[in-house]
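Undergrad: Since chain U is already given, all that's left is putting chain W on it; use the hints.
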Amino acid sequence: MILTLVHIELEKLFRSKRSYIGLLAIVLIILVIEGGIMLQGEALIDLISENLQDVFILQGNLLNGYLISFLSINALWLHVPILVVIVTADLISGEAGSGTIRLILSRPVSRSKLILAKFITAIIYTTLLVLLLAVLSLFLGILFFGKGDIFVIYGSINILQEEILPGRFIMAFSFGVLGMWLVASLSFVFSALAENSLSPILLTMSIIILFTVVSSFEIGIFEDLKPYLFTTHMSNWRYFFSYKLEWAKIMQSGLILVAHIVLFISLTLFIFGKKDITS
Amino acid sequence: MNILLLGFLQVLGIIGLLDNHIFESDPEAIITETKAIYRSIRDFSADVKIEVNVDFVNIPDKQASVIYKYPDKIKFKSKSFILIPKKGISHMIFRLLENDYSTLYSKDRTINERQLKEIKIVPLADNSEIVIATLFIDPSDHLIYRIEATTRDAGFFSTDLSYGDHRPLPDMNRIQFEVDEIRIPLNFLGKVDINRSKIKKGAIGEVILRFDNYVFNQGLKDELFDQEKEIHDE
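Line by line, the protein sequences give chains U and W. To convert, note that position 34 of the first sequence is 34 in our numbering; the numbers rise steadily by one, no gaps. To get our numbering, take the position in the second sequence, counting from 1, and add 1000.
No wet-lab data here; the hints were simulated from the structure. Bear in mind that the values here come from a model prediction, so they are computed numbers and not experimental data. For glycine and all other residues, C-beta sits at the position ideal for the given N, C-alpha and C. Hints may contain errors.
Stated by the list, open to error - Restricting the straight-line Cα-Cα distance to at most 30 Å, the calculated cross-link-like pairs of lysine-lysine (DSSO-like) are:
id : chain 1 : residue 1 : chain 2 : residue 2
1  : W       : Lys1049   : W       : Lys1077
2  : U       : Lys244    : W       : Lys1073
3  : U       : Lys147    : W       : Lys1049
4  : W       : Lys1073   : U       : Lys147
As the list claims (entries may be wrong) - Just a few of them, taken from the derived set where beta-carbon distance is under 10 Å, the chain W residues facing chain U:
id : residue
5  : Asp1026
6  : Val1057
7  : Ile1059
8  : Pro1060
9  : Lys1062
10 : Ala1064
11 : Ser1080
12 : Phe1081
13 : Ile1082
14 : Leu1083
15 : Ile1084
16 : Arg1174
17 : Phe1177
18 : Val1179
19 : Gly1205
Claimed, not checked - Stretches of chain U that chain W covers, calculated by requiring three or more beta carbons in the stretch to come under 8 Å of a beta carbon on chain W:
id : region
20 : 60-72
21 : 154-167
The following block holds chain U by itself, in its conformation from the complex (with noise of 0.2 Å):
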């Protein structure tokens, strides 16, 4: 049953052309940053290396796919969310302001099936969006590029070693799956008490720019509210190009988000649950 309602959603979500806006706009934003690291790649491996050049002579292809991964990640910060939500948000109250939800619920269906149904759909959105961002960026990277150590500054100065990469690279967009199925989760959550698309979208991203932003603060109060935001263990991907793995880190913050979409798919279902469908 829920296959079948699962199977219906995604042929609406590949119907309507606001789908499409994303995966176009993962490419844009791809093309634009191998664009920019063939025109200005030279400065930025500079920038980059500026300091240790003061004291090493430094040798090898820094200006390869992998940096080019390395820059498209960072997308995950509020590019994709918000590409996520563009869509996500409108799952439930789209369908409430066109008025279609009334006749789904005239069916055979309970109201948590078609929810599920719904978030499962969501999901695999999300996880295309992130996988094209991946895949792309990786092959097209490398295409043009060739392969390479990287260079991440994450608590030190960390060279990271080309042969460990894919598997890196492979985790860090894993996890970053996990962090726009909570976004996607949260924006059910604005969708299901709104009956038009345009706030739970508005919502659902004022509030990520606002926790985001407040992360990115590294002082006083912000600095201690900082692991209660779901924000800061959303961007923790980040953890995938230390120089060592730090599991127990990885994991917190792995279960932070899942508990995050739990409470948020919950109550998704409690206020649908709860809603009166007037429309």
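TA: For chain W alone, coordinates are given in the frame of chain U:
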């Protein structure tokens, strides 16, 4: 008569001892012997393992190859990214010794249970990168075991050399250098998280080069050191 002969022999002996001591402490003579030994290696190629120990830099040990031509042509090559200290590789000293300099014997020093002559070298050229260098040379084999130098731009560095089967080529070169205050570029790759406590003025960095598979005096051409210039290579 016998007393006179004995006295004469004693004087000769003292003069001989003094002469020997004077030779052993004559910095120019020691340097000339040392230069002759190192000059016997006109070029070499070798495999080198590079270990970088700098507080705020994490880089795994790297394998590279190196080619060298006396006195100061050197080139490292590696399939992956490598960091090579700008100062401290012994070829800098050979370049210095091929130019005008003055020497000064300082004293004997025991380093790693080896009795070494400490000789100061002051380059005479105004534009010399090295301001003053100290070579620690074992007079028994005339090899350099330590180099300490103060440079015009990059502060102080020291290099310890240890030898194995490939004398006078070192098996290991341990380079220590000053790492000046570090300027970390901010937010060029999204958000960065820097442990600034690790970045302090006057920190000491260390690079250990372990050489293996030496092939020497094979007639390496100068062009080998110019072509395929790597990015950021000086």
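Undergrad: Each hint should be assessed against the structure and marked as holding or not.
TA: A quick look at each hint next to the structure:
1. W/Lys1049 - W/Lys1077: Holds, at roughly 11 Å.
2. U/Lys244 - W/Lys1073: violated, 37 Å
3. U/Lys147 - W/Lys1049: holds, 21 Å
4. W/Lys1073 - U/Lys147: holds, 29 Å
5. Asp1026: This interface hint is violated because 36 Å lies over the 10 Å limit.
6. Val1057: holds, 5 Å
7. Ile1059: This hint holds: W/Ile1059 lies near chain U, its Cβ roughly 4 Å from the closest one there, short of 10 Å.
8. Pro1060: This interface hint holds because 6 Å falls under the 10 Å limit.
9. Lys1062: holds, 9 Å
10. Ala1064: With a minimum Cβ separation of about 8 Å from chain U (threshold 10 Å), the hint on W/Ala1064 holds.
11. Ser1080: holds, 5 Å
12. Phe1081: holds, 3 Å
13. Ile1082: Holds. Min distance 5 Å.
14. Leu1083: Status holds, d = 4 Å.
15. Ile1084: holds, 5 Å
16. Arg1174: violated, 16 Å
17. Phe1177: Check passed: Cβ of W/Phe1177 comes within 7 Å of chain U, closer than 10 Å.
18. Val1179: Check passed: Cβ of W/Val1179 comes within 6 Å of chain U, closer than 10 Å.
19. Gly1205: Given a least distance of 7 Å, the restraint on W/Gly1205 holds.
20. 60-72: holds (count 6)
21. 154-167: This one holds; 8 residues, not fewer than the three required, reach chain W with a Cβ under 8 Å.
Of the hints listed earlier, those the structure fails to meet are numbers 2, 5, 16, in rising order.
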